[in-house]
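A.B. asks: Based on these hints, arrange chain P on the given structure of chain V.
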Amino acid sequence: MDSEQYREMRENFQAAAEACSLRDRKIYLFGHCGATEELADLILNQGYGIEAILDNSRTKQGRQYRGIVIREPSAVLEHDSRKSVVFLVTRFYEAMYAQLRKLGFDGKVQKLVEYDTGAEYSLSPETVKRKNDRVAGGMKTVRELEEKHPGMFRIYCPFPALGDVCFCMSYLPYFQKRRGFSEYVICVSRESCAQGAVLFGAVHVEVLKQECLDAAVQAELYMQDEHAFIAHQDRPYAIDLCRALHVKKITLEKMYCCGVFGLPGETKPVPPTAWLPYRGSGRIEAHHAVIFAPYAKSVPLLPKRVWEDIVADYGARGCQLFTNVAEGEEPLKGTEPICPGIREMKSVVERAGTFIGIRSGLCDVIRTADCHKIALYPDYHYCGTRWTAAEIYAIEGFENIVVNGDFQWLRR
Amino acid sequence: MNKLDIRNDLEEKLAAYDRVFLISSDVQWFEAVFAESEALRDFGGRIWIYSGSETAYPASVSCGRISPKEEEEIRKLYHTYEFSDRFYVISRSRIHGTLFDYMDQGILSAEELTAVWMR
Chain V
1 MDSEQYREMR ENFQAAAEAC SLRDRKIYLF GHCGATEELA DLILNQGYGI EAILDNSRTK
61 QGRQYRGIVI REPSAVLEHD SRKSVVFLVT RFYEAMYAQL RKLGFDGKVQ KLVEYDTGAE
121 YSLSPETVKR KNDRVAGGMK TVRELEEKHP GMFRIYCPFP ALGDVCFCMS YLPYFQKRRG
181 FSEYVICVSR ESCAQGAVLF GAVHVEVLKQ ECLDAAVQAE LYMQDEHAFI AHQDRPYAID
241 LCRALHVKKI TLEKMYCCGV FGLPGETKPV PPTAWLPYRG SGRIEAHHAV IFAPYAKSVP
301 LLPKRVWEDI VADYGARGCQ LFTNVAEGEE PLKGTEPICP GIREMKSVVE RAGTFIGIRS
361 GLCDVIRTAD CHKIALYPDY HYCGTRWTAA EIYAIEGFEN IVVNGDFQWL RR
Chain P
1 MNKLDIRNDL EEKLAAYDRV FLISSDVQWF EAVFAESEAL RDFGGRIWIY SGSETAYPAS
61 VSCGRISPKE EEEIRKLYHT YEFSDRFYVI SRSRIHGTLF DYMDQGILSA EELTAVWMR
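Protein sequences appear in the order of chains V and P.
Each residue of the first sequence is one higher than the one before, starting from 1 at the first, in the numbering used here.
Each residue of the second sequence is one higher than the one before, starting from 1 at the first, in the numbering used here.
Lysine-lysine pairs mimicking DSSO-like chemistry, simulated, CA-CA at most 30 Å apart: (1) Lys76(P) x Lys209(V); (2) Lys108(V) x Lys13(P); (3) Lys108(V) x Lys26(V); (4) Lys140(V) x Lys69(P); (5) Lys102(V) x Lys76(P); (6) Lys76(P) x Lys140(V); (7) Lys13(P) x Lys102(V); (8) Lys76(P) x Lys129(V); (9) Lys129(V) x Lys69(P); (10) Lys76(P) x Lys148(V); (11) Lys3(P) x Lys102(V); (12) Lys13(P) x Lys129(V); (13) Lys129(V) x Lys3(P); (14) Lys3(P) x Lys140(V).
Hint data in this document are derived by calculation from the structure and do not stem from the laboratory.
Only chain V is shown next, with the shape it has when bound in the complex (with noise of 0.2 Å):
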């Protein structure tokens, strides 16, 4: 979750707790993500109790979250609904709400964030009219992008994860080909995912606001322009791909290759190469430092003990410790912050000799540096489905390692 998602969960929070009186309500939150767990934060820090996570992954049901059982959905039936209120900061939220009305909860069900403008469950003409002007709006976006960017061919990264765009600039080389387009333009929503399309070559690359940067992904579907390509694998609605992973195994790597790009499994994905020299190497030792990389968005963060054991152990080796912050992130204890740019990174992290981070986005970008990286999975599992993390999102030319309940760090 991003800090603007952060403040209006926040803001959202406060009027719902002034609104309906929390204190005497069960609280449940629905839908085990590291959004759930950053909302359980906030609303445990205030004081409040939490009586459950509901979950449909039964992998996730009999876990817990800071004390905080994860159950299933029907477990929110167990107490008196116009009593119990269900927070919800996910993009399935309605689907969420559809099930919780289907099992027959009737108490307050709230979203704290508005994560998916394109889902509504009504066909009422109200909602048709308001979903009509979104996609009026979506192609004013895309009139805007071709008067700026005339005869280009536009490439939707819909949503804000740098690993994502990493995979979509990997393959796109063969895609371009394939479809015959010379110039592109790549459209993204934050300057972190310009930047990681910058580093494989983009010339072309928009910012857009999150919002509008969906409405235009609706316009293209709407008007199906073959001028334009959402990359991803499962946004928005209408691209299904992630969905086979509940018949087979498939990485995220060949979701890209095979699935977004329909190319052949066997190819090789391009290398980034608009690579930057990092201004302050001079700060790093050569070879005897360790950049750890412990904060991700969208993926559960690991607990602190572990990386307290991390950073311990290669401080007893001597080693100069540092951690990649961006902002508002605090380094890890014991180590200084250092915040490079993406396309610094690869000279970041060569210079030290050794890199340690959450399996993230950061990874994908430097997956082709030249060092001893390791990347740390949360143990959990992706999308609802049975596949781990660990699983889907394994990397090569890095130490996979898994870090579940009773992880302990042994010296590498």
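C.D. replies: Just chain P now, kept in the frame of chain V:
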């Protein structure tokens, strides 16, 4: 059916059936596989299919024949917003990847493809 009729019909079908499919005319070859698949036969819920073809479905599956114009209208509505998670358009696309791309690359068989939609 005009636009309004289509919307009303979809609303009706979504209220009465567990899954509603539109089999697009561009993948009619696949419809026979779909109609004869185990996954479709073994699906426990009620299924409605909009199709322009004369494909024969098992007795447990309900099917409504639609014209190319009606198919176009339903697709347009589907591409306007997500109005249900129980409505699926089975189709290829030039503007994004589809499950058929997996099939083309040998990752999924046609039977597995059906299993994905029926899960």
